[in-house]
Amino acid sequence: MLEKALKGGQKYWSLLLGLAILSGIGFACFMLQLNQGLRITGMSRDVSWGFYIAQFTFLVGVAASAVMVVLPYYLHHVKEFGRITILGEFLAVSAVTMCLLFIVVDLGQPMRLLNVLLHPTPNSILFWDMVVLNGYLFLNAVIGWTVLSAERKEMPPPKWVKPLIYVSIPWAVSIHTVTAFLYAGLPGRHFWLTAIMAARFLASAFASGPSLLILLSFLIRKRTNFDPGTAAIEKLSKIVTYAMITSVFFLLLEVFTAFYSKIPGHMHGFIYQFAGYEGHAELVPFMWLSVILSVTALILLIPPQFRNNEKLLKIACITVFFGLYLEKGVGLVVTGFIPNVFDKVTPYIPTVPELAITLGVWATGFLIMAILYKVAIGVKEEIRA
Amino acid sequence: MEKDRREFLKIGGISVLGLSALPVFQALAQEKGPRYKPDPKALKGAQWAMIVDMKKCWEQQDKRQCRDCILACHKIHNVPDIPDQKREIKWIWLEEYKHAFPDQAHEYAPEKVKENPFMLLCNHCSNPPCVRVCPTKATFKRKPDGIVMMDFHRCIGCRYCMAGCPYGARSFNWGDPRPYLKPEDINMTYPTRRKGVVEKCTFCYERIDEGLQPACVEACKVKALIFGDITNPNSEVRKILSGHYSLRRKIELGTGPNVYYLI
Amino acid sequence: MYDAKKIVPGILIFVVLFTFPLWSNMGKAAPAPKPELPKTEKVCVMDTAYMKTEHMVLLNQWRDLVVRDANRLWVGPDGKEHFMSLQNSCMKCHSSKVKFCDQCHNYAGVKPYCWQCHIEPKENM
Ligand code: SF4
Ligand code: SF4
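Protein chains in written order, with this note's numbering: chain Y, 1 to 385; chain F, 1 to 263; chain G, 1 to 125.
Possibly wrong hints are sitting among the right ones.
Stated by the list, open to error - Pairs of lysine to any residue residues, derived as SDA-like cross-links and limited to a Cα-Cα distance of at most 25 Å, are as follows: (1) F/Lys37 with G/Met51; (2) G/Lys99 with F/Met188; (3) F/Lys37 with G/Lys111; (4) G/Lys52 with G/Leu86; (5) G/Lys122 with F/Arg207; (6) F/Lys182 with G/Cys117; (7) G/Lys99 with G/Ala49; (8) G/Lys39 with F/Met188; (9) Y/Lys238 with Y/Ile292; (10) F/Lys141 with Y/Asn123; (11) F/Lys75 with G/Met91; (12) G/Lys42 with G/His94; (13) Y/Lys344 with F/His99; (14) Y/Lys262 with F/Leu253; (15) F/Lys112 with F/His99; (16) G/Lys6 with Y/Gly8; (17) F/Lys114 with Y/Thr346; (18) Y/Lys344 with F/Leu253; (19) Y/Lys262 with F/Lys112; (20) Y/Lys344 with F/Arg207; (21) F/Lys41 with G/Ser85; (22) G/Lys111 with F/Pro179; (23) G/Lys80 with G/Lys111; (24) F/Lys37 with G/Lys92; (25) F/Lys37 with G/Ser89; (26) Y/Lys344 with F/Ala105; (27) G/Lys97 with G/Ser85; (28) G/Lys42 with G/Leu59; (29) G/Lys111 with G/Gln87; (30) F/Lys44 with F/Lys239; (31) Y/Lys344 with F/Gln61; (32) F/Lys75 with G/Lys111; (33) F/Lys75 with G/Ala49; (34) Y/Lys162 with Y/Tyr73.
Stated by the list, open to error - Label-pair restraints from in silico Cβ distances: (35) Y/Pro303 with G/Gly10: 24 to 34 Å; (36) G/Ser89 with F/Ile186: 13 to 23 Å; (37) F/Pro83 with Y/Ala28: 20 to 30 Å; (38) Y/Ser14 with G/Pro31: 50 to 60 Å.
Read the hints as simulated data drawn from the structure, not as lab findings. Being a predicted model, the structure only gives us computed values, none of them experimental. Glycine included, C-beta positions come from ideal geometry on N, C-alpha and C.
Isolated chain Y (complex conformation):
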């Protein structure tokens, strides 16, 4: 099937080339980082995790969201999703790949990565995160590929994938739960120390992932002969709507607890994000932008007549995706370190090489996705023909 990825028009090849160049630049910067150490990033003793881990956190959500097409299709026989489950699974594959790459580029000693397996440590959440992420990658790659091969031969998928599919459903929930536990169990980091962290993560994931999937579906419909189906997009948009409402609701719960209890540690993170703290306001514009995007998203999503209008839906999906990206992929991780454990503020601003590496990882992920989607769409077109 892979040969399908080799036959494409000029647009396809230029896309691949563009992504390859970006990931090449990222790789070069990563070589620099290997040589110089993480001092080429903006991270510091006080803000010891930065952009890399933030991207990782956001992308785990995107990966987990595949379950939002798989679950309705396999458990509730929502036929509309039949055509796009493969898109969800391949999106998960590329998102998890990006997650793993972001972990690797964040390590001080990436050569020693295997120590995590040589000295397995079940009390560390990071150990479990490695386990569940790799498992999820494996599950989605195997399921996606097998089901697609079967489809190509116009046969039902082999029996043994069924149990894998069922396992993949709770597994998707697990990857984002475990990722939330990375943060939610640390004493002394008040901004993260919240029991609904996992719930928040899942809600925002089920909004941002499917909204990306909707955007990708529109793109595919425009550029190829494969139509993911209006019904599927409609169903997805409902999922995005409810997930987005839940996500915003959960965030407001946090704000209530922090500001009604008036416990300083719980308020400081939010104050830093939205008003600035002790003269530092690096995140303020981004966080307000995130609020504006999220509110716009809700306005466009909740009334069905807006949501069912394709143009508005596209805008809504873009606002959801970027609104949540700013909240999780920019704000959440850094704010956990600000103010730091001494109640001091050390600002964090990513450096150019750091951004280049980040972009490189994204490009690598999208490169994988482009190839996988090309294969999937190739197969779908072939069947139709």
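With chain Y fixed as given, assemble chains F and G with the ligands onto it according to the hints.
Frame of chain Y; chains F and G with the ligands shown alone:
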């Protein structure tokens, strides 16, 4: 070939791993009795703790800007002197009252307390979050004496422990530390670190295991630092604690810090 | 169907790249290593044959014994006690990294990362 990569190849086949370790087992099996043992001079305790008597310390700070303990520790352990505050490495350092005790500092405290810095170091917590989160056991709590140790050989530099420690006791080597060590000051009997690993105070395990007090304790001329076994009712630390009111940092977090402050 | 114009050069390039390590070293037959042994001591912490092939395994074991299990002393084959320490024991007898360690390591093309942290003795040459 880097050793890390060697490790990598080892996992390639468990058999290879088994074979390469075999000679050691054989060698060990040949002789009777253990071929290795602790130093009989090693200090013994069930949970080491330290008392920092700030009154005595402040007197010296006032008198001669004393930094004896910091200098001794950082010299003995080849801790680099990195000018960039964002990247600095510190095992024992000074911090103002309101930053050292952000949860209990208040503005009406005596001027003396508000104005003079406290001596901070890793608390060798009884229930250390840094150990809980480390994915490789590079940070671990020594069972017999409770020292929270760093195995620099094993650390992958994920910095989860830095997020986990609520005391800011951990430093990461953002780059190669060696350029920041003065060649003439290097202690040839102790290693440096390399880029990409986390480090912190180890209560001088290397000295304790040879029967010596921690370097900072030895360096302090007025005995403002007192080191001992907190589980032993006859130890000096216990005697002092039963006679004076003491403070610990952020006890509400349940980490069980083992550094006590007298003021 | 098979495009010889592309395949043949492709194979050639592959062969050239694949054998790069072989021919890039051509003509520079490395001299056999001659690690210099200490003059003062006759017996190491294990017998010579073992040390020759397995010192790295032993060192790995030492580091766990010392750092993780609080052991300090090693009993050699002659019953003599040694501190388990690369910097403070090994390099006290083998006092030149260049004349001892590097001899074989360079020959075998291995670069152990020990020296990124452990400080090598000052070479007096
Ligand atoms: S002070 Fe920090 S580094 Fe030291 S034991 Fe406690 S949590 Fe770990
Ligand atoms: S940085 Fe090193 S010591 Fe800290 S948690 Fe990661 S592996 Fe453990």
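Going down the list of hints, with the structure as the test:
no., hint, in the structure
1, F/Lys37 with G/Met51, "holds (20 Å)"
2, G/Lys99 with F/Met188, "holds (19 Å)"
3, F/Lys37 with G/Lys111, "violated (30 Å)"
4, G/Lys52 with G/Leu86, "holds (16 Å)"
5, G/Lys122 with F/Arg207, "holds (24 Å)"
6, F/Lys182 with G/Cys117, "holds (15 Å)"
7, G/Lys99 with G/Ala49, "holds (19 Å)"
8, G/Lys39 with F/Met188, "holds (22 Å)"
9, Y/Lys238 with Y/Ile292, "holds (21 Å)"
10, F/Lys141 with Y/Asn123, "holds (13 Å)"
11, F/Lys75 with G/Met91, "holds (21 Å)"
12, G/Lys42 with G/His94, "holds (12 Å)"
13, Y/Lys344 with F/His99, "holds (7 Å)"
14, Y/Lys262 with F/Leu253, "holds (18 Å)"
15, F/Lys112 with F/His99, "holds (15 Å)"
16, G/Lys6 with Y/Gly8, "holds (21 Å)"
17, F/Lys114 with Y/Thr346, "holds (22 Å)"
18, Y/Lys344 with F/Leu253, "holds (19 Å)"
19, Y/Lys262 with F/Lys112, "violated (30 Å)"
20, Y/Lys344 with F/Arg207, "violated (34 Å)"
21, F/Lys41 with G/Ser85, "holds (17 Å)"
22, G/Lys111 with F/Pro179, "holds (21 Å)"
23, G/Lys80 with G/Lys111, "violated (31 Å)"
24, F/Lys37 with G/Lys92, "holds (21 Å)"
25, F/Lys37 with G/Ser89, "holds (16 Å)"
26, Y/Lys344 with F/Ala105, "holds (14 Å)"
27, G/Lys97 with G/Ser85, "holds (15 Å)"
28, G/Lys42 with G/Leu59, "holds (20 Å)"
29, G/Lys111 with G/Gln87, "holds (17 Å)"
30, F/Lys44 with F/Lys239, "holds (18 Å)"
31, Y/Lys344 with F/Gln61, "holds (24 Å)"
32, F/Lys75 with G/Lys111, "violated (28 Å)"
33, F/Lys75 with G/Ala49, "violated (39 Å)"
34, Y/Lys162 with Y/Tyr73, "holds (12 Å)"
35, Y/Pro303 with G/Gly10: 24 to 34 Å, "violated (60 Å)"
36, G/Ser89 with F/Ile186: 13 to 23 Å, "holds (19 Å)"
37, F/Pro83 with Y/Ala28: 20 to 30 Å, "holds (29 Å)"
38, Y/Ser14 with G/Pro31: 50 to 60 Å, "holds (54 Å)"
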